[in-house]
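Position chain B against the provided structure of chain A, taking the given hints into account.
So the protein sequences, as listed, match chains A and B.
Reminder that position 361 of the first sequence reads as 361 in this note's numbering, one-by-one numbering, no gaps.
Reminder that position 293 of the second sequence reads as 293 in this note's numbering, one-by-one numbering, no gaps.
Treat the hints as calculated values from the structure; they're not laboratory data.
Treat the hints with care, since some could be wrong.
As the list claims (entries may be wrong) - Pair by pair, the computed Cβ-Cβ distance ranges are:
| # | chain 1 | residue 1 | chain 2 | residue 2 | range |
| --- | --- | --- | --- | --- | --- |
| 1 | B | GLN8 | A | ASN154 | 26 to 36 Å |
| 2 | B | ARG118 | A | ALA29 | 54 to 64 Å |
| 3 | B | ASP179 | A | PRO153 | 53 to 63 Å |
| 4 | B | ASN326 | A | GLY189 | 47 to 57 Å |
| 5 | B | ASP179 | A | ALA293 | 40 to 50 Å |
| 6 | A | GLN369 | B | ASN326 | 44 to 54 Å |
The C-beta atom is built at its ideal place from N, Cα and C for all residues, glycine as well.
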Amino acid sequence: MRKDDVLLDNCLKCSDCNTACPVVTAHPAYPGPKRLGPELERMRREGIECDTEWVEYCLGCHRCDLACPNEVNVSELIQRAKARHTKTPVRKLRDFWFARPGLLGKLCSIAPAITNFSLGLKPVRLLMSGAMKITPERKFPAYTKPDLETPVPNAANKGERVVFFPGCFIQYNQPELGRSVLELLQINGFQPEVAATGCCGVPSLANGDAGEARRRARENVESMSSAVEAGARVVTACSSCGHMLKTGFGRMLEGDAELEKKAEKIAANTFDLAELLVAQQDAGKFNSHFEPAATKLKLAYHAPCHQKSQGIGRPWYQLLRQVPGIDIQDLNAGCCGMSGTYGFKKEKYPISMEVGSELFAGVKDSGAQAVATECATCQMQIEHGTGVKALHPVDILLNAYTESVRL
Amino acid sequence: MSNVKSNQFDVIVAGAGIAGITAAAAASHRGLRVALVSTGPGSFVLGAGCVEIQDMDWTTPSLEEAVNFFSDLTEIAGCGFRGGVGEARSIPTILGSFQTVSMAPFYMWNGDPTAADRVAVVGIRGLSTFDSSFVADRLAYHSSKLGQRTTYIATEIKLSTEADTLPGTLQFANRYDRDAGFREELRAALKDTARAVRLLILPGILGMKSGWNEIEWLERELGCMICELPTLPPSIPGMRLFNRLEARLRKVGVEIYTGFPIQQLQIENGHCKGVLLETPARPLKVSADALILATGPFSGKLLGTHSYSFSHDLRPVDSSGAVIANNVFGAGAILRNSSARGGNAKAVLSGYVCGMLAAGAGVQYAQR
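With the rest of the complex left out, here is chain B:
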């Protein structure tokens, strides 16, 4: 029988955003027994997980290592990120503007105006959250400001919907996952447009669980690149990224506790022994030798003070500068005292470094 106690881990990662997932994967990769506790997919429902490294100092120690680790992680998970340190691409948004990112999932990376000279923005009849003419007009304007001569054509396709429903991205995404007939219908609807252009910009509908195989299939069938944009919540590309990464973590043995917030950190004499989860009937105690907090910018309640900050080695300190717990590390947006911009880049970097710190790898992190 096993000597390891139940709910006992080397490290607990709290929060399942980009920072928490990266931290959990990094710690697990170093052979640690990892628990990931979270209250669900959080902000993945709003965005797409693009990474903006360009605002950071590229010489930050571990940045390249962290970015490479994240690239590998997403690749194996079937939602591979393209780009990396030193790269910058302009990705369209549903408001018809461009955002500059250094990394993005493969199903968004192709949106750069230099990627194609003729682009079709494809709307779906009745889908009110994506206006293809508006997006195409604005993209034409913004790309010309970037000095590009890309032609954007607005077009609209018609897709079947379930009786008595309005077209919605979640409906289409679920059907893309489950229904081969729907995938074929979508392929046929896009076929003619795809012949005339090099890139199709679509609202995010290509599946909640799909990965490289399922999306690349459509590109191959159409002979045309695809860029998918997140619409109003739920963001299909964001949820897909979450689903794929979570499945990957399960596969490598990370134990996942979803749906119950942390009631309390069990800190005694500056050392954290674990967390109490707010579960039905009585709290569940999850214990570990280290805790990585990736719980976002509003984590004062957990640390027992709203005037916390983080030391250069990512440990939480109170207003007097005293370390709150020596085996707790912060990753992601909780590092609010940091001046570095770039939300997800910081999440990847600090998540990776925390995973290494928890593994005792002693990676030096010079915070900016």
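Bound conformation, chain A alone:
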């Protein structure tokens, strides 16, 4: 008997998953994870036709998985239903591109000035809204030249070799954040190199494109495997990439024993940047030469869903609260509702905003000057929903160091 079968029968229909689902909470018409996951899977196995458009409305936040007392792989079952779902031609075309942010990034960053100018034009956005069903309410993130490179190793720096998996957003939109990650690693005794990798595949799965996710997993595993075999650890600074590297590659490569084994090894050696820094601190090797607090900074912390699903505690929150002058509050106000490309889809935009409303209220009530969160699309959503600046914790931490330790 497959492990999946055991898991499916573990579903006792207790509805814990429905109570945890952000979409159910915000949008009562949504049938919920219990229905769209285990129940539809049972029907599929009986050969009963059960496709429904609602499977597209799953955020992929994994909160149902965490709520289930019986370890049912609820969100994975919904993901499978998504992959089998038949879409309208327009959505199919749109989601083809949303499933490929790496390819999109490559194209858009050929001439970033032109891309950004065009994407900012109202007529272009209205056209995309009409023809591609992309909401005109949101601004696209600005594209830039992908110029993130492995830093020249400091001659004195004989630190541990680590491989940084940048992901699409850092590569094509925020390479300067990537450089901050590399600097933070260096001043904490690591010798980082930038992995020659593409998209992690989370957007592919979210858009129902399992084939594309498999291709991304294969390429990424092949690209990082030799470094990991040689003892290097892999670092992520995007919680969705981290989640995928830890949980998705092996699953995507099932059937290819050799690649699957490599994927498992990569998973076992993948660390969120903060997870790595906290471990460094536990070992007494964390660089804590912070500038004495000149000004007070009041921050709110939002834990991205894919950070929670990694089961690593709250390492960024723990690190930031130790920085002099920072007063940080964990909002614990649920999912932001953005879920990568989900919030850009015209038909899903209202739900995305409704899901985020609790977080928006939390940010406003906190009176924070800025929000710290390690997911790029959570940052977009928070700024869109509240007007409050949202930052990656890397930048906050790096800025706190005294000038003398900066590179």
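Positioned in the frame of chain A, the structure of chain B alone reads:
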């Protein structure tokens, strides 16, 4: 910088039922750094958390202290329990029977047939999990058997639903939390019935996160007491209790690890150093000086033997009577060798005592 290592605590509490939550709160109250690990809200989705002390010996050491602590905890959390040691009330169920409890959340405590002479049982049109005529008939019958002359009237209100959905308690509860328009709609729908009676019995719909302020608002507006009954899962009153208590624990600094089962207890030479959680990619090690197991009656896998029991000081022992680990304590339903009845009363008591034991307070616990 802090000297405390990450994922390092004074005490780990495993399990987030009534026992685990009470233990975590008690240990935290004594100044301990506490981690609460759990696989989610568990059985809160089924019940409402009522406490049946009446089956226990009221002179059990620490019982009153534990009950008072739990009362305070729930009060601060916004879901205050009413009642206490020596009290007994008959609370209605959705099957139209009465269960006798000593403590219940304020939104259930008013259901006793002595509380009002005229009571309306309010159903919601289309909500198949709550049949108001059935409940009212049965409550009338059962209350007369209790010697009461309470009149139960069945009535039904109509509430709007989202397009293409059937009325469901979770939908109503989420809307009660998020939508002022819905709260007003509910108030208006109940207004006329409330004028004719002293108590309204409703299916549990008054919010997943609401507390005293949000529910008392409705009672005040209607000028009438409310008793809310848990329906089929998800039990809204139960989930609300969990949400409020969990929020309270976060507020007092308890670190919460949700969603990952314990893979293994790290026991060496009769001493537990922590637990390994089954997290993605590799297990997460959470360490502590003491462990409180509130993981329910099926915890044999964790203790490495299915024939475990607990000593008088709540330490787990194997079939030969040897202590499995000297810094592990059991709370709640895991204490299956105990003859004492009263699930949640035992959970409150043993959870509190474990929290104290972990804090080294040396509270004596005479197990029955």
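Results for each hint:
1. As the Cβ distance of GLN8(B) to ASN154(A) is approximately 32 Å, the hint placing it in 26 to 36 Å holds.
2. For ARG118(B) paired with ALA29(A), a C-beta distance near 38 Å fails the hint of 54 to 64 Å.
3. Distance hint check for ASP179(B) and PRO153(A): the Cβ-Cβ separation is about 57 Å, which falls inside the suggested range of 53 to 63 Å.
4. Hint check: ASN326(B) to GLY189(A), Cβ distance near 39 Å, so the stated range 47 to 57 Å is violated.
5. Look at ASP179(B) against ALA293(A): about 42 Å separates their beta carbons, and that is inside 40 to 50 Å.
6. Taking 44 to 54 Å as the suggested C-beta distance range, the pair GLN369(A) and ASN326(B) conforms, at roughly 49 Å.
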